[in-house]
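Chemist: My request is simple: use the sequences and hints to build the entire structure.
Note that the protein sequences, when read in sequence, are chains A and B. Heads up: the first sequence begins at 2 in this note's numbering, then just goes up one per residue. Heads up: the second sequence begins at 58 in this note's numbering, then just goes up one per residue.
No lab work stands behind these hints, which were simulated from the structure alone. Be a bit skeptical, because a hint or two may be false.
The list that follows gives simulated cross-link-like pairs (lysine to aspartate or glutamate, EDC-like), each with its CA atoms no further than 20 Å apart [to be verified]:
id	chain 1	residue 1	chain 2	residue 2
1	A	Lys200	B	Asp244
2	B	Lys183	A	Glu184
3	B	Lys113	B	Asp143
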Amino acid sequence: MIDKKTYEYYGDIYGTLEALKNRGVESIEKLKKFLTDKYDIDPIEHYKCRIKSVDSLTGKLERKKLATDIDSALININDIVGFRVVCTFLGEIFKIVDEIKNNDNIEVLQDKDYINRPKANGYRSYHLILKYKDGVASQIPFELQLRTISMDSWASLEHKLKYKHDVKNETLIVNELKRCADEMASTDLSMQTIHDLIKKS
Amino acid sequence: MKLLLVEDERNLSKAIVTILRMNEYEVDTVENGIEAINIMKENYYDGIISDIMMPKMDGIAFLENLRENGDFTPVLLLTAKAEIDDRVKGMDAGANDYLPKPFAMKELLARIRMMLRVSKHNEYDKISFDNITLSVESLELKGEYASVILNNREGQLLALFLHNPGKCIDFATCQNLIKAENDEELDIYISYINNKLKAVQAKFIVNKMKNCYRLEV
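Modeler: What follows is the structure, encoded as structure tokens:
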């Protein structure tokens, strides 16, 4: 059951978006099983999926100075349906990216590696805009974000602060958040090193 | 910079204080080892200049006491010219340098500068090699597109390699620097460093050779 606002805004396309969401979840589960069998370890700590809320979607369109109706959204916004996969180790992210790129059923529309090139504020994540080549909901693009547990916790905190407008010492806080991001990235690398060391022996 | 002068001879003390203040040092004075111990318990100084021959407690006893209490404030001892034993005792007791009397003021000033420079490491905060910079203070390892923060041991070890690129640095030296228990612990720290260098897109790594590690492009 969806609320009235969502139903009125999305209309019939909502069914397709739901179908896309379900298809994505299926793909993630399949990938999870495949990689667990291949590498003896489940690379995925947890994953989330969502269909963007009306407010979030119209807000984004407004910020981009675009029309805010559903047709405009379907043309202009790539992450109406979004998935966030959180991995235990850094290396797992790149394994998953490789699998996706080698998958004949999926087209990669956009590829942003914010892990090797973090954003200025310290944000790290791997973003992919994908589309199924055929079958259910194949005309609609969706976003896949891949992160480690550290990156996810940093992003959650940063997100909370982003929406407080009267933060004192903003520059100091921004700098300190970046420093934390860099420390956490360092820990991720150490964990991967230990992981590799165990695998080798 | 703030200095403590421990000297009982009043004329010499006045002269030294005048010169030091002219050279923009803040100076406090005490007249024997006991006063020096008491003032050091409560106050921070960047460096200490101390005579040896003083009543109540001499400079060497003061220094021994200071070091025993875990205070490593740099100390310059003023020694009598002929007394080699004093100099040796003083150095072994934990002095950073000595200057025999009589001395030229400009040498005193130069030795103070040297003592403070060595202890503060303020000559090099950022070490660069090729496209990478390491900040010794903040432990930030920075490349063109990304940066990470190292921990203390990684920072010290990498700084050693960045200061000595291409040089064969033996295992014992590396192990000693980070107080590693054994080869394996040293190895994993080198692995950490190499993975972090890779993450910031360094074009060099630390390679393991038969007897040493070497930073190579």
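Chemist: Let me make sure I understand: some of the numbered hints might not hold for this structure. Which ones are they, in numerical order?
Modeler: Result: no hint breaks.
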